[in-house]
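J.: Protein chains in written order, with our numbering: chain E, 1 to 152; chain A, 1 to 384.
Keep in mind that the hints were calculated from the coordinates and are not lab data. Bear in mind the structure is a predicted one, so any value in this text is a computation, not a measurement. C-beta: ideal position from N, C-alpha, C; glycine also. Keep in mind that the hints are not guaranteed to be accurate.
[Unchecked claim] Label pairs and their calculated CB-CB ranges:
id, chain 1, residue 1, chain 2, residue 2, range
1, A, Q35, E, F124, 55 to 61 angstroms
2, E, T142, A, R248, 50 to 56 angstroms
3, A, K190, E, S61, 43 to 49 angstroms
4, E, A107, A, E24, 48 to 54 angstroms
5, A, P73, E, P12, 38 to 44 angstroms
6, A, P53, E, A107, 41 to 47 angstroms
7, A, K190, E, A107, 28 to 34 angstroms
8, E, A83, A, E117, 37 to 43 angstroms
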Amino acid sequence: MFSWFGKVSFVPYSKISDFAVHLKDGHLMGTVCKNCGYTTFPPRADCPECMSPSFEYKEYSGRGIIYTFTEIAAAPTGFEDQAPYTVAVVNLEEGGRLLAWTGATIARDEVRIGMAVQVVPQIFEESEKIRVYYSVERPGTTWGKAPAPHLG
Amino acid sequence: MPRVGVIGIGHGRFGRRSDATVQELAFEAYRLAMQDAGIERGDLDASVVAAVPEYHKQRSVAGVVQEYLNLNPKPTWLTEVACASGSAAIRTAWMAITSGLHQVVAVIGCQKMTELETAEILALMGRVGEVQWESVFGTTFPGYYAMFATRHMHEFGTTREQLLEVAVKNHHYGALNPNALFRKEITLEKALASEPVASPFCVFDCCANADGAACLILAAEDRARELSDEVVWLDGVGCATASMSVLRRPDLVGLPSAQEASRQAYRQAGVTAADIKVAEVHDCFTIAEIMAYEDLGFCAKGDGGRYIADRRSYIGGDVAVNVDGGLKAKGHPIGATGVSMAYEIVTQLRGHAGERQVPGADVGLTHNVGGIGQYTFVHVFRRD
Chain E
1 MFSWFGKVSF
11 VPYSKISDFA
21 VHLKDGHLMG
31 TVCKNCGYTT
41 FPPRADCPEC
51 MSPSFEYKEY
61 SGRGIIYTFT
71 EIAAAPTGFE
81 DQAPYTVAVV
91 NLEEGGRLLA
101 WTGATIARDE
111 VRIGMAVQVV
121 PQIFEESEKI
131 RVYYSVERPG
141 TTWGKAPAPH
151 LG
Chain A
1 MPRVGVIGIG
11 HGRFGRRSDA
21 TVQELAFEAY
31 RLAMQDAGIE
41 RGDLDASVVA
51 AVPEYHKQRS
61 VAGVVQEYLN
71 LNPKPTWLTE
81 VACASGSAAI
91 RTAWMAITSG
101 LHQVVAVIGC
111 QKMTELETAE
121 ILALMGRVGE
131 VQWESVFGTT
141 FPGYYAMFAT
151 RHMHEFGTTR
161 EQLLEVAVKN
171 HHYGALNPNA
181 LFRKEITLEK
191 ALASEPVASP
201 FCVFDCCANA
211 DGAACLILAA
221 EDRARELSDE
231 VVWLDGVGCA
241 TASMSVLRRP
251 DLVGLPSAQE
261 ASRQAYRQAG
271 VTAADIKVAE
281 VHDCFTIAEI
291 MAYEDLGFCA
301 KGDGGRYIAD
311 RRSYIGGDVA
321 VNVDGGLKAK
331 GHPIGATGVS
341 MAYEIVTQLR
351 GHAGERQVPG
361 ADVGLTHNVG
371 GIGQYTFVHV
381 FRRD
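Using the sequences plus the hints, can you model the full thing?
T.: What follows is the structure in structure tokens.
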């Protein structure tokens with residue numbers, strides 16, 4: 001159900017669609033190649049190193065450091081009501097990067113390169129359909145998790 | 001392998017061209033290039049059209065251009081690598097000629113960007129990045145380059161003023177270019193006070209969409225010498241790529257594709273950065289020109305802000321950069337831009353640039369970037 005991921009979905013189908021299901025359950029997942037161990041975030045189904053199509057999910061802590069950011073004033077279609085919003089690129093503690101909005105626990109004017117942050121799985125509460133994403137929050141921010149990932 | 005020479009160039013006016021279709025724009029540039037080369041339709045073996053399809057209502061734009069130029073049944077094909085499509089057309093024409101398949105090829109870069117409604121443009125704008133992991137957070141084209149700028153300022157102390165000095169320079173030269181969209185100087189104060197777009201960028205950090213076309217006629221060495229007495233040679237064609245996603249890049253303070261493409265082009269042409277007298281670089285946003293100085297080796301990584309502040313990219317400095325106004329002042333009809341860059345370098349190397357002529361220009365380059373550095377083409381041109 002990759003169509004669950006994002007306020008606006010551009011990619012309804014993917015071999016790593018269960019990523020969105022895990023995110024709804026409160027788990028941020030990267031992938032590990034079952035053949036060579038290549039580990040990556042964002043997740044991908046097919047190993048770029050050994051070409052194996054066999055992978056499993058690996059949970060990431062979501063801890064990281066802001067690498068760069070911008071506050072977007074001129075928003076594209078579907079995001080007008082959010083503007084202005086800050087988009088940050090976060091270097092994750094376990095390796096890999098993600099890009100996401102800064103969330104409610106970080107004020108607009110305190111976003112800095114080098115800031116320690118916690119990436120938190122989120123559900124758009126106002127949406128009738130399931131819509132999940134993740135946001136960049138203050139370290140120590142907690143959230144609800146389903147007991148264990150129920151998908152392999 | 002024969003050398004490839006430019007024997008004809010043509011350039012239409014860039015701007016909001018509500019008066020013309022894309023094929024009519026293409027015709028303006030084509031007619032001028034054919035007249036400049038002094039050749040006839042029968043002398044051409046093929047054409048290559050550069051355009052980014054999603055801006056046009058007409059699908060498969062090469063077909064309508066080829067018909068309107070009256071070039072049927074000669075072969076044509078379209079090249080598309082976002083904002084670098086024009087340079088991709090030049091590269092494939094170079095390949096067609098060096099392979100021996102064709103002798104004389106017309107390269108036509110054309111784009112009509114104002115055909116779309118604002119809502120359609122805003123929707124397209126939301127899909128410039130990698131759509132699976134990035135566009136879902138409302139990323140925009142200025143937003144991506146803004147993140148490079150934020151990081152560049154953090155690592156190297158580059159300032160807002162240095163960024164906007166790029167816009168001031170390019171407007172200064174754009175005022176002298178009859179084909180430019182904006183033909184007026186701007187002040188640093190005015191630029192700093194413009195509306196925010198994506199921090200740290202405001203309106204004057206960003207180039208503008210435009211309609212327009214440019215054309216080159218390329219020929220194999222023997223034919224070029226036969227047909228022209230002021231051939232400019234395309235001696236280095238570098239091209240490299242980098243990941244679509246900015247999340248998979250080694251850093252966000254430069255474009256690895258530009259660094260690699262320039263190494264290839266310098267090596268092939270047998271020149272170094274120090275030999276370049278005039279350059280057209282891809283200043284879609286102010287930081288992009290500053291990173292270009294560094295990626296092309298005009299200065300060390302991190303020194304780009306000081307390079308413009310010290311006016312080293314003005315005429316009379318180390319390398320005259322974007323003295324036609326660049327994308328910033330000339331406008332950026334994305335399919336035409338790479339060909340327009342080559343038009344300016346050939347004009348400079350022929351010594352025909354008038355008020356904005358770079359004295360002693362004998363070697364020049366174009367640096368044309370697609371997207372956020374997913375593709376970069378660096379072409380080195382030289383006169384005899």
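J.: Please check whether K190/A and A107/E have a Cβ separation lying inside 28 to 34 angstroms.
T.: 31 angstroms, holds
J.: So the hint says 41 to 47 angstroms: do the beta-carbon atoms of P53/A and A107/E match that?
T.: 43 angstroms, holds
J.: Note whether the CB distance of P73/A and P12/E lies within 38 to 44 angstroms or breaks it.
T.: 42 angstroms, holds
J.: For A107/E and E24/A, compare the CB-CB distance with the range 48 to 54 angstroms and indicate the outcome.
T.: Given a distance of about 52 angstroms, which is inside 48 to 54 angstroms, the answer is holds.
J.: Does the hinted range 37 to 43 angstroms hold for A83/E and E117/A at CB?
T.: 20 angstroms, violated
J.: Confirm or reject the claim that K190/A and S61/E have a C-beta distance inside 43 to 49 angstroms.
T.: Given range 43 to 49 angstroms: holds, Cβ gap about 47 angstroms.
J.: Given the range 50 to 56 angstroms, decide if the beta-carbon distance of T142/E to R248/A lies inside it.
T.: With Cβ atoms ~30 angstroms apart, the hint is violated.
J.: Against the range 55 to 61 angstroms, how does the distance between the Cβ atoms of Q35/A and F124/E compare: consistent or not?
T.: 59 angstroms, holds
Checked against the numbered hints listed earlier, the structure breaks hints 2, 8; every other hint is satisfied.
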